[in-house]
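With chain A held as given, fit chain B onto it using these hints.
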Amino acid sequence: MTSLGSASETDRRALLRAYRLHGDLAARDRLIEDMIPLARSLARRYAGRGEQIDDLEQVASVGLIKAIDRFDLEREVELMTYVFPTVVGELKRHFRDRAWSVTVPRRLKELHYRLSRLLEELTASLGRSPTIAELAAETGVQEEEVIEALEVGRAYASRSLTSSLDSDDGGEVELIDLLEDEERGYEDAENRQLLSSGLRRLDERERRILHLRFAEGLTQSQIAVEVGLSQMHVSRLIGRALERLSEELEGT
Amino acid sequence: MSVVLPAEGFTNVARLVTGGFGSQLALGFDAIDDVQLAIEVVLRSLPVRGTHATLALSSDSESLTVTVGPFELDPTGEPLNQVFRDHRDLGTYLGRLVDSVETLDGAWPAVVLRKKLEVSGV
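Chains A and B are the protein sequences, given in the same order.
With numbering that gives the first Met the number 0 applied, the first sequence has no gaps in its numbers, which climb one by one up to 251 at the end.
With numbering that gives the first Met the number 0 applied, the second sequence has no gaps in its numbers, which climb one by one up to 121 at the end.
Next comes chain B alone, as it looks inside the complex:
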């Protein structure tokens, strides 16, 4: 599923949608909160290209995948993965909140966050 959100002021909606999606996957509160925080960090740290951001959520048997974008590239054309290298804190925090962080460059620069589905025991 995907949701298109205004670039400013709608991170709570992103959190709610993610909470609902995570609930369907029987993720624990900790895990859901981590993914919500990671999305917040990405949305707050990187400039969205245009007026709206797209939040796409999907899952398979192993993980929840969240793709957020598109982001504005640096005026010099610096790719997103370079932005992550320049701001090591960003990668450090995201890396603790989710299991993997990737950047998509090209026509639709985005960040892809993956969280492994934990066994909840239910």
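Looking at chain A on its own, in the form it has when it is part of the complex:
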């Protein structure tokens, strides 16, 4: 049985209402705190598949926050019934994004995971992006190995543009279905330019990341904090999205 905090559905509704209607961030924090055991429990179900449990719990937390931020108060369903598929959807998407598309030696995979975490730690402690030499010194390997391990992240599978993904209510939607709402948020001229042709074919998260990188000029590490992903994951998503845009450009 999945464990939950002490709040009842009525309590959770009240907290959610306080947050959504009155901007009470403390209420939101209490709600997250109350439901985080559920998210962690769901994350543990996906353990043993080559991902660190800490990373999975972080992904599940992102799913929980998304659910809390998006849940429609007018709906006659329990918050729990919305949180569950949203968190599971986030975990599934994480695995889909991180499936290795080619055979990569275990040594490099492990180093890649270590570097992914170290990158964030060093960025935070140094206040800037670490150099390869610093990453090598911290991991005790040669710089060449660091470069190689960073590069194997590119061996993650890309998701097809035409593929479907889990929707927040547990169903599946085509990527194209997600585009309309997002576009309303892009208003200035530069964004309109960025929205031309190929960008319309990317999913919501990829477009948000590209928007943050190219329209708002955030660095990868800043984007990582903003969207709750690792810096390396952000780098990979930018690369993948730009690859698609380049393909689009070729076709024009």
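Please keep in mind that the hints were generated in silico from the structure rather than gathered at the bench.
Note that this is a predicted model, so its numbers are computed, not measured.
Glycine residues also receive a C-beta, built at the ideal position from the N, C-alpha and C atoms.
Check before you lean on any hint, since a few could be wrong.
[What the hints assert, rightly or not] On the chain A side, residues computed to face chain B include the following (Cβ under 7 Å): (1) Arg127; (2) Ser128; (3) Pro129; (4) Thr130; (5) Ile131; (6) Gly139; (7) Glu142; (8) Glu150; (9) Phe213; (10) Leu217; (11) Thr218; (12) Gln219; (13) Ser234; (14) Leu241.
This is chain B only, laid out in the frame that chain A set:
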């Protein structure tokens, strides 16, 4: 230094070489990744002339310079800088990834990317 790569399917090699070069210059991960992405975008967006592309990397005290080419010009002879004007997205993305983007027309049409060397604090 310069590397000659088959036009198709070797962008990862270009990334590795750039990673190694950037590492020697003590560039941060962010900066190296930006340059690698910019090279990828150029190689994927513009048609290489012939079967191989040349990636030339150099540096001075201020910046890392990457020259990629040669590219096939449009059958109508449209210069590369016109290609950039026609596809504003390309220039926009590259402009965010590196500090300057230039095109070389003439006998060896190429794209020149420059990234300023950041102070890493080491």
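Results for each hint:
Interface hint at A/Arg127: satisfied, since its Cβ lies 6 Å from the closest Cβ of chain B, which is below the 7 Å cut-off. At about 3 Å, the closest approach between the beta carbon of A/Ser128 and any beta carbon in chain B falls short of 7 Å, and the interface hint on this residue holds. This hint holds: A/Pro129 has a C-beta 6 Å from the nearest C-beta of chain B, less than the 7 Å allowed. Here the hint on A/Thr130 is kept, as its CB sits about 5 Å from the closest CB of chain B, short of 7 Å.
A least Cβ separation of about 4 Å between A/Ile131 and chain B falls short of the 7 Å threshold, and the interface hint therefore holds. A cut of 7 Å between beta carbons decides the hint on A/Gly139: the least distance to chain B is about 16 Å, and the hint is violated. With 7 Å as the threshold, the beta carbon of A/Glu142 comes within range of chain B, its nearest partner Cβ sitting at about 5 Å, so the hint holds. With a cut of 7 Å, the hint placing A/Glu150 at the interface with chain B holds, because the nearest CB-to-CB distance is about 6 Å.
A hinted interface residue such as A/Phe213 counts as satisfied when its beta carbon comes closer than 7 Å to some beta carbon of chain B; here the least separation is about 5 Å, so the hint holds. For A/Leu217, the interface hint is violated, since its Cβ never comes within 7 Å of a Cβ in chain B; the closest pair sits about 10 Å apart. With 7 Å as the threshold, the beta carbon of A/Thr218 comes within range of chain B, its nearest partner Cβ sitting at about 5 Å, so the hint holds. Given hint, A/Gln219 at the interface with chain B, holds; its Cβ is 5 Å from that chain's nearest Cβ, closer than 7 Å.
For A/Ser234, the shortest C-beta to C-beta distance to chain B is roughly 5 Å, which falls under 7 Å, so the interface hint holds. At a threshold of 7 Å, the smallest CB-CB gap from A/Leu241 to chain B is about 5 Å, leaving the interface hint in force.
Taken one by one, the earlier hints fail for this structure at numbers 6 and 10, listed in ascending order.
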